[in-house]
Amino acid sequence: MSSSKQINLILNPIGMTCASFVIISIVGIAIINRQLANRMTVRLIAVIALTDLLAHVGEYYAITHSTLTAGTPACTAVNGFRLFARTFYCWINMAISFHIYRSLVQLKKTNWKSEVYFWTATAVFVVAETLVYYGLGAFTGVPARKRCTPGVDDYSKNLVFILFQSLTNLFTIAVSTFTEEGGDRDHLINERRKLAFRSFLYPLSTIVTLPFEAIFLIFNGFGAYVIELFVVMVIGSGLSGVLTALAFGVDPATHKSFKTAYYLVKNRNSHKKDLDEQYGLGSNDIQL
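The opening residue of the sequence shown carries number 6 in the numbering used here; numbering runs sequentially from there.
Incorrect hints may appear among the rest.
Stated by the list, open to error - Computed Cβ-Cβ distance ranges for the label pairs, DEER-style:
hint, residue 1, residue 2, range
1, ASP158, SER9, 19 to 27 angstroms
2, GLN11, SER161, 44 to 52 angstroms
3, LYS261, ALA149, 51 to 59 angstroms
4, THR74, VAL165, 20 to 28 angstroms
5, ARG150, VAL255, 38 to 46 angstroms
6, THR74, PRO257, 44 to 52 angstroms
7, LYS264, ARG150, 46 to 54 angstroms
8, SER8, VAL129, 36 to 44 angstroms
To be verified - Mimicking BS3-like on lysine-lysine, the simulated pairs with C-alpha atoms at most 25 angstroms apart in a straight line are:
hint, residue 1, residue 2
9, LYS151, LYS162
10, LYS261, LYS113
11, LYS114, LYS261
12, LYS261, LYS271
13, LYS151, LYS10
If you are wondering where the hints come from, they were derived from the structure by calculation, not from laboratory data. Each residue gets a CB set at the ideal place from its N, CA and C atoms; glycine is no exception.
Work out the full structure: start from the sequences and follow the hints.
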């Protein structure tokens, strides 16, 4: 068994577990009191964890069903799922980067109307890019490779497909880095500095998960298959769920939500007025 396959078989189940933990935690908090999850950032984090889970499931399924033949309906479905999951992962990370930058650096409030626009734009980009891959024929795979991986039999189309993928990765990294560095965050009030720093950990995980994938894809697009890059790419991709869980674990907003949820369970939802005042419930503005 190759080292990359061993790494995939180890890291993807761990990533699935970590991503599931984040999703279950957010759902649990929402069940206790939905206002605790009534922040756009929480919803974005939940979706990031979902994209992590989908990506890990797709990669794990592909590696454990390596006998699938390119061009068959089963292989086409698996490749389509993997490409959709990766595209979803990139655009959601860009979305949360933009949202956090807008909220913490520009100090703009998010309301329901702006959130609808936000989610709609993200969905359009995800679907559009996935359809581009479908139109290029990347779902089918390359029969000559004798393995089920996304790709196009035609060299020119395959090059476009690979470069498109790598550019999306690089764009995601650039957006995540820019929003972390951009703006003068000295204008943030002191009590939000810790929240600001840790909130940016979510999109910054792409600096670990995407660079080597982008580099590998570029090399591969021009006919150079670098096994060392592939192994590092597999490690980076396999850590996405772990990194999201770590960021979730150190996020002060997470600590506050868990603490309040525990308080509500312990006191059976008493003192709801205090909770409303603490979280600003009833306002049309969505809490960060």
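Hints, verified against the model:
A beta carbon spacing of about 24 angstroms between ASP158 and SER9 agrees with the range 19 to 27 angstroms that was offered as a hint. Under the hint 44 to 52 angstroms, the C-beta atoms of GLN11 and SER161, about 35 angstroms apart, miss the expected range. In this structure, LYS261 and ALA149 meet the distance hint of 51 to 59 angstroms, their C-beta atoms being roughly 55 angstroms apart. Taking 20 to 28 angstroms as the suggested C-beta distance range, the pair THR74 and VAL165 conforms, at roughly 24 angstroms.
The hinted window of 38 to 46 angstroms between ARG150 and VAL255 holds, with their beta carbons roughly 41 angstroms apart. With their beta carbons about 50 angstroms apart, THR74 and PRO257 fall inside the hinted range of 44 to 52 angstroms. Checking the proposed 46 to 54 angstroms range against LYS264 and ARG150 shows it holds: the Cβ atoms sit about 52 angstroms from each other. In this structure the supplied range 36 to 44 angstroms holds for SER8 paired with VAL129, their Cβ-Cβ distance being about 39 angstroms.
About 19 angstroms separates the Cα atoms of LYS151 and LYS162, which keeps this hinted pair within 25 angstroms; it holds. Proximity of LYS261 to LYS113 is assessed by CA-CA distance (about 22 angstroms); at most 25 angstroms being required, the pair is judged to hold. About 20 angstroms separates the Cα atoms of LYS114 and LYS261, which keeps this hinted pair within 25 angstroms; it holds. With a CA separation close to 15 angstroms, the supplied pair LYS261 and LYS271 stays within the 25 angstroms bound.
A hinted pair counts as satisfied when its Cα atoms are at most 25 angstroms apart, and LYS151 with LYS10 qualifies at roughly 16 angstroms.
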